[in-house]
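**Student:** Could you put together the complete structure from these sequences and hints?
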Amino acid sequence: MSKQLYYQDVNVGDEVSPLVKEPTTTQLVMWAGASGDYNPIHYDKDFAQSRGLSGVIVPGQLIGAFLGQMMTDWMGEGGSLRKLSCSYKGMSYPGEKITCQGKVTRKYVEEGQELVGCKLWAENPKGEKVATGTAIVVLPSRG
Amino acid sequence: MAEGLSGIEKLKGRLGVDWLAREYQIERGMIERFTRAVGDANPRWQEGMVAPPAFILSIGFEHFVDGLMSLAPFKTVLMGNTEIECYQPVGAGDVITVVFKIGSLREREGSMGNMAFMTFDSSYKNQEKKLVAKCRQMIIGY
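Chains as they are written, first to last, in our numbering: chain A, 10 to 152; chain B, 6 to 147.
The hints are simulated quantities; they were obtained by calculation from the structure and are not laboratory data. Check each hint, because a few of them may be wrong.
[Stated by the list, open to error] Not the full set, but computed from the structure, chain A residues with beta-carbon under 7 Å of chain B:
1. Ala-43
2. Ala-74
3. Cys-95
4. Tyr-117
We treat Cβ as the ideally placed atom computed from N, Cα and C, and that holds for glycine.
**Tutor:** Next up, the structure:
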């Protein structure tokens, strides 16, 4: 999978390796079963339209899970995700690409742990941000 | 007015109080279903001994929504934001106790009528009573 990322390898301004997803309606149903989120706006088009949406929408928490996957892929097995925050800003529809991206904003040491802060976002094919967020990861040290 | 808003007072009555506490046995199949649904093939999760961080939100979520809707049966709920803080990994074999709290609640007139903006805090402790994660979710009901 991904190689191990070390604290010393990271600089403020570095990009997190992006992750591109293209969720299908089937994936939304799988997510409903796996997450326990049976909200019908994510799989019932008629219901979604009756609630003012143009169709079924990708669950925000699934996009949040994509952002989490981007971070754990990027940092490698020796790192750990300390904090993940996501705000859901717009609608994303099945069959559309979602591009997850991130950038390093901060490096610091706290209680003996070497931490890296990142800002994150997920874009739809129009370049609109459907989610924004932040993450803090603990990385191993080369020393 | 949305049907759920008649339940707003019931929700207000639970502000800041431990709610919907329940224990969940974490099984390997739960983690596999989660990683397949996300499309996360990282070998780190394959044995089920460690779950991806976002898995924590799935623990008890169905019961949480059931509890919320039983008090305030909104026609629609939308997720506004989520925040996860992870302190220890969770994996197959763990027994996780989840407790929810209603952190805040306010109403506002929106495009679909009266809407409720609710913040929920949840804590997750393992079988050793150690705090493994905390989450905060902002949910909009209308």
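**Student:** Flag every earlier hint the structure violates by its number, smallest first.
**Tutor:** 4
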